[in-house]
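One line per chain: the protein sequences are A and B, in this order.
Going left to right, the first sequence walks through residues 1 to 257 as this note's numbering numbers them.
Going left to right, the second sequence walks through residues 1001 to 1257 as this note's numbering numbers them.
What the hints contain is simulated information worked out from the structure, not anything from laboratory work.
Here a beta-carbon is modelled for each residue, glycine too, at the ideal position from N, C-alpha and C.
Each hint should be verified, as a subset may be incorrect.
[To be verified] What follows is a set of in silico ranges between Cβ atoms, one per label pair, in the way DEER data are often shown:
no.	chain 1	residue 1	chain 2	residue 2	range
1	B	Thr1195	A	Arg24	42 to 48 Å
2	A	Pro102	B	Ile1104	50 to 56 Å
3	B	Leu1141	A	Arg244	30 to 36 Å
4	A	Arg244	B	Pro1252	47 to 53 Å
5	A	Gly28	B	Ala1196	24 to 30 Å
6	A	Ser3	B	Ser1003	41 to 47 Å
7	B	Pro1252	A	Pro102	27 to 33 Å
8	B	Ala1196	A	Ala21	40 to 46 Å
9	A	Arg98	B	Arg1005	30 to 36 Å
10	B	Asp1173	A	Pro159	51 to 57 Å
[What the hints assert, rightly or not] Part of the chain B face toward chain A, derived, beta carbon under 10 Å:
no.	residue
11	Ala1052
12	Gln1080
13	Tyr1082
14	Ala1103
15	Asp1131
16	Val1189
17	Leu1208
18	Asp1235
19	Ser1240
[Claimed, not checked] Below, computed lysine-lysine pairings styled on BS3-like, alpha-carbon distance capped at 27 Å:
no.	chain 1	residue 1	chain 2	residue 2
20	A	Lys31	A	Lys48
21	B	Lys1048	A	Lys31
22	B	Lys1031	A	Lys48
23	A	Lys48	B	Lys1048
24	B	Lys1048	B	Lys1031
Number of protein chains: 2
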Amino acid sequence: MASYRDVAELIRQDVAAGTWAADRPIPGIDKLRDRYGVARETAHRAVKALVAEGLLYSIPRRGTYIRPPLPAPTRIRDRQAYRDEIGYFFDLGAQDWRAVGPAIPPQVGVPPSDVADVLGVARKDHVMVRDRAIGPPDADLPEQLATSYLPMPLVGQLPILGAPNTGPGGIYDRIEEHFGKAIEWEETVSARPATAHEQQALRIGSGLPVLIITRTSRIDDHQVVEVNQTRMAADRYSVSYGVRRSESAVFPRPSAA
Amino acid sequence: MASYRDVAELIRQDVAAGTWAADRPIPGIDKLRDRYGVARETAHRAVKALVAEGLLYSIPRRGTYIRPPLPAPTRIRDRQAYRDEIGYFFDLGAQDWRAVGPAIPPQVGVPPSDVADVLGVARKDHVMVRDRAIGPPDADLPEQLATSYLPMPLVGQLPILGAPNTGPGGIYDRIEEHFGKAIEWEETVSARPATAHEQQALRIGSGLPVLIITRTSRIDDHQVVEVNQTRMAADRYSVSYGVRRSESAVFPRPSAA
DNA sequence: CAGTGGTCTAGACCACAAC
DNA sequence: TTGTGGTCTAGACCACTGA
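From just these sequences and the hints, can you work out the full model?
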C-alpha cells in the first residue's frame, strides 16, 4: 500500500524525468490510479498536494498540467519613486501599466487592521479606499492588485483624494501641493497564502503565496498621509532594494544583560 | 449535504465568534463530524484546508489549535548594513543573534540555480556554501536560516572564506581588505511555500510561506563576491526599506509602440 | 457522449499521546 | 485504554469540457 506522499514523490520523479510533455496535461486521476495502483482518492490527494506545492496546477474538467519552471527571469525591480508626465510609479517595468478590468470608484470603508495601525486610526475607523487592478496596457488580466488607503481628515481637507480622477501626478502631487512639502516613502514586504479572490484575479495556484508591498507615505517624517498595499503572485515577482550602509561605522553593541 | 468548504466556513465563523478558547484544542475531528453532520473525511478536509490557510494548526495525536493572531507587531526592520565590534548585521533587532543548533562547517556544493545565475557561475558549478541557523542568544530553535554562497575563484585567493571562523568582521571585512574597496549590497525579497525541512526547522505551518531575502554583495558595482539567502517564516517577519526618489525629476515615458 | 477534476460517504486502520 | 490526527479504500455523483 502506497501512501499519497509516496505517490506524490513518484509523480515528482516522473515530472523531473520528463515522462510527460510540459505543455500537455499529465494523465488524469483515473490513469494515475492505475499507474501507481492506489485508490482514486489517494491519487487525487497526491495531485492535490503537488498543486499546493506549486509543481502542478489543475483546471477543473480539463486536466492537470506541469507548472512551467518559473518564467525564468522572475521580474526584479530596483524600487525607487519614479515620476513621468502622467504620474508616479515605483517599478521601471511598470511605467506604462494601467488599470485592468472594471474601474472601482473610491469608497469609504474599514481598512485591514495592520493598515489601520500604520495609518494611525482606530481599528474600526473608516478611511478612503482606492482599489485598482493593474497590468500591462494590452493585458486582459491584471498582474497586481493595488489598494490605497487615505485618512478621512486629510480627504476632508483635500476632497479630490476621493475623486475617481485625481489629475496629473495623482494623489501624491495633490498631497505634496497641499502640504508644500515632499513625501517620503517606506516599503515593507511581506507574504501570506493567497485568498480565494487573489487566486482567481491573479491566477495564483492554490496554496501559493502572494507577495505584498505595503508602502507608507509620510510628510515631515512622521505624519502618515497614505498607505498603499500592492499584491502580486509570489512565484512571478520579487522585489529588490539597495541596502545603504549605516552612518555610524561601528554600531555600539548593547551591554550584556 | 454540506461541502467541506461550507464546513470550513462554519468553523471560521465559530473561531471568529470565540466559540472555542484560543489556547486549548478545538473539538476533535469526530466531534466536528457530529457538530456539522458530515462524514469524517469531510470534516477532516475542512480542517486541513484551514490549516493550509493558516487559521489553525494541528499537532498529530494531540489536537488542532487556533493559530494566535500573528504576534501583533510582526517584526519590521529598516534594513541597513550595520557593523559592530564583532561583525555585520542588517537588522537592528538581530544584533545579538547567534548560531543556534549544531554548527555546520563550510562545504563545497552546487547552489540553487537562481543563486548560480546571480553569482555568475554555471548551473552545475561548485561554490563555497556556508550554512547557519540563527536566532536570539537564549533560543533553542532558530528564527532564520541563513546560507552564504561564495565563488570558488575568490575562495582560492582568500582561503579564510572557507574556514569555520572568519575572524572579526567576518567574510565582509576579509573581502573588503582583499580588494581594498567597499562592498555594495542589494537585497531581493521573495516568497514561496516552505519546504518540509523549513516547516520543521522554523516551525512553519503546513502550506504557509517562507520569506526569502537574497542579498547580493558586489565590489565595484559589478563583481559579485557573495550571495546570501536568509529564510524566515512569512507569518512572523516582514522586511522594510526606505524608498529613494529617482534622481531625474521627470522620467521620460517611452514612446508608444 | 466520454473524460475530467472535484467531492462526499462509510468504514476501517494506524501510531502515538495522555491518562 | 481512550482519544487524537492522519490515512487508505471503494464506490458513487456532479458539473462541465471538448470532441
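Can the hint on Ala1052/B be confirmed by a CB-to-CB distance to chain A that is less than 10 Å? For Ala1052/B, the interface hint holds, since the closest Cβ of chain A sits about 6 Å away, which is under 10 Å.
Taking 24 to 30 Å as the stated bounds, is the beta-carbon spacing between Gly28/A and Ala1196/B within them? With Cβ atoms ~27 Å apart, the hint holds.
The hint says 40 to 46 Å between Ala1196/B and Ala21/A; measuring C-beta to C-beta, is that right? Cβ of Ala1196/B to Cβ of Ala21/A: about 28 Å, so the range 40 to 46 Å is violated.
| message | With the threshold set at 27 Å, check whether the alpha-carbon distance from Lys1031/B to Lys48/A stays at or below it. | response | holds (26 Å)
Hint check, Tyr1082/B versus chain A [nearest Cβ-Cβ separation less than 10 Å]: holds (5 Å)
Cut-off 10 Å, beta-carbon criterion: hint that Gln1080/B touches chain A:
holds (5 Å)
query: Do the Cβ positions of Leu1141/B and Arg244/A conform to the proposed distance bound of 30 to 36 Å?
result: holds (32 Å)
Distance restraint between Lys1048/B and Lys1031/B, which requires alpha-carbon spacing of 27 Å or less
holds (15 Å)
request  = Return holds or violated for the Cβ distance of Ser3/A and Ser1003/B against the range 41 to 47 Å.
outcome  = Check failed, 25 Å falls outside 41 to 47 Å.
- Query: Per the CB criterion, is Val1189/B less than 10 Å away from chain A?
  - Reply: holds (4 Å)
Interface hint outcome for Leu1208/B [beta carbon to chain A under 10 Å]
holds (7 Å)
Range agreement (Cβ of Arg1005/B with Cβ of Arg98/A, hint 30 to 36 Å): With a Cβ separation near 35 Å, Arg98/A and Arg1005/B satisfy 30 to 36 Å, so the hint holds.
When the structure is compared with the earlier hints, violations turn up for hints 1, 4, 6, 8, 14, 15 and for no others.
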